[in-house]
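Construct the entire structure; sequences and hints are all you get.
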Amino acid sequence: MRISKISRNKIEIEDGGKKVTIEVSRLTKHYILTITDGENTVDLTVKNIESAKVINALRKVGVSSIHRVMSYLSAMTAVKTIEAPRAIFMNVDEVVYVPEGGGDAKKMGEVVETYFHTADNEWRVFAKNIDTGQYELREAFNITASMKNISKLFLHYNTANVDVEVVRELYNVAVEVKEVLKQYIVLDEKYYDVATAWIIATYTRWAAPYSELLIIRKLGFGSGGSTLLKTVRLLSARPLKLVVNTSPAAFYRVVDFAMPTIALDEIREDEVDRSRLAELKLLAESAFDAENVVLRVDQGEVEAFSPYANVAVVDTTDKFTTYSAERRAWTVVIKQAHPPRFYDAEEILKSTESLREKLYALGIALPTMYLIQWRTLAKEQGLGVLKFLEKASRHLCGGSEIFENALRTVAAQLDYAKQTALLTDPKRLVAEALQKILEDAKRELEMAASSPANAAEYIRIAAPEDPEYRCGVIYLQKLVRELRRRFMEVVQVDTTKLDSVYYTSEQVRYWFRVNEDVEMYLKPAKIKTLLAEMGIMLEADSNRNYYVRVCR
Amino acid sequence: MKFNEGIYFVGKRCYRVARLFDECSERREKVAQKAASLYRNGRYLGGCMIMYEVSPELCAKLKSK
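These protein sequence lines map, in sequence, to chains A and B. Residues in the first sequence are numbered from 1 upward in steps of one, following the working numbering. Residues in the second sequence are numbered from 1 upward in steps of one, following the working numbering.
Take the hints with a grain of salt, since some may be wrong.
Selected chain A positions facing chain B (in silico; Cβ < 10 angstroms) [as the list claims (entries may be wrong)]:
id, residue
1, K5
2, E23
3, G101
Footprint (simulated), chain A over chain B, 3 or more residues, beta carbon under 8 angstroms [to be verified]:
id, segment
4, 9-16
5, 34-45
6, 54-64
Derived from the structure by calculation, the hints contain no laboratory data. Every value quoted in this text rests on a predicted model; they were computed, and no experiment measured them. Here a beta-carbon is modelled for each residue, glycine too, at the ideal position from N, C-alpha and C.
Have a look at this one:
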């Protein structure tokens, strides 16, 4: 028996004067085999080449060495399948040209392919065709996803179609999203723009290094915070259904693969189970950066999951105040609506179907088609993605008012946070107090030197080392005491509210206590490290007492 | 993208672009198209030029030839 390869997908078998040709082609998940022996033709559709159906067909046409033919066929159809790292991922490969026979390698450009997983568990790739230079959408067969129950997990998921022209609709889409928001919630005009920009950004964030949280702030309960949160979630990319009592490994697997939008409503410490609370806090703290990973043991193996996700939080209880003060979050302040607006998930989902398709398409097309601009702008934490959307909208659609307003508002928020950072930075306060004590000690030495007769009156902090009062030492114990003294504050108590007979005569009593914010820094070990950070080293005398040396 | 005869690297993959005939005719074009279809990831580029994937070993050989 002789087997010869006629073309890439066709072999010819000569077996005892008989000629059989077999052609294999692939159609979606199936192989189509055409076996011809000169007289008859058999067509087979199979999922696996190594199946009884194929073997029987080969036997019927009189092929003797089934093993050899099967190995040929499976080699022809072998396509390497790749397990996808995420629901959307980008492959960027440089095209380098080397003239045959040697010569300098020359970079010719880049091949950018964006693979994405769709709601019907298929994979597609949006990429530039090297020959034509046009972007096109293809099906990708050699990729497998680690998740199946998409419709059970998400309220909606990546759509299958990406049209190149969708990028021209960026601004129209933004206007439409804003209109939907206006129907269901009451906000200041600028916050509509921030929420709209955040929603659109969720679709592109899979390609960005940072994902800023959306923090919804309100003055009290019942102001419509949850309505805003739910509406934002419904409009954002891959919204995860509410997670109830999930195991951390399962939760992180979903987040890791799909990079969903997660809405956290009022984390109340007294109501949420402690371990789950820790999980949620960890998520909110780590979801903003694509490089963070969470390690979990899964069936005896350590696995790393990326908690990178779009997170929106309602924060009345001020659990996330510190995040809103950093570059990690955009903030929206909600107003009470009169009469209250009602949230209707079904109606929103129904009316925004085509809008969502455009949003998903935009999320894939924008970073792929404008990769260079995307990379330069999106790497800035806080404003990067917003800057990109504003520029893209201005250049592609001729208008970008919503993004401009959002950019202005968020930039002002982050700027204010930067200016007022000292308020939330107790360590800085302690460092400044330390600096002041050292300066005071120097001033005391100077005053003592200028009038040595009254030196004892001036010197309080540092013990002088020489008769000219050039240098002095502050013992660590004294330094700690002095620091504590400076952070003393008066606390007032209304004794009539106390349940004790001793306090009946006076209504108000006072006592002193150290400011609670800085107390953790007022310990010798912490002060030692603080001093080291300021470039001041502790020294020890012969009795092993530590001191700081100051010279005027 | 315009291709010249030589080796193209796309990430780790290696492709060879070859001109099968110096002077191209309609008949020769058909031959080139057929030839392209026989190679792994083969593609006809027009003008009797074809592009196909080659193994990393062969690629290294062609580069230093």
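Hint check:
1. Interface hint status for A/K5: upheld, as the beta-carbon distance to the closest one in chain B is roughly 8 angstroms, under 10 angstroms.
2. Hint status for A/E23: violated, given a least beta-carbon distance of 13 angstroms to chain B, over 10 angstroms.
3. Interface hint status for A/G101: upheld, as the beta-carbon distance to the closest one in chain B is roughly 5 angstroms, under 10 angstroms.
4. With a threshold of 8 angstroms between beta carbons, the proposed coverage of the segment 9-16 of chain B by chain A holds, since 5 of its residues qualify and at least three are required.
5. Three residues within the 8 angstroms Cβ limit are the bar, and the segment 34-45 of chain B against chain A gives 7, so the coverage statement holds.
6. Requiring three or more residues with a Cβ within less than 8 angstroms of a Cβ of chain A, the coverage given for the segment 54-64 of chain B holds, as 3 such residues are present.
In summary, the one numbered hint that this structure violates is 2.
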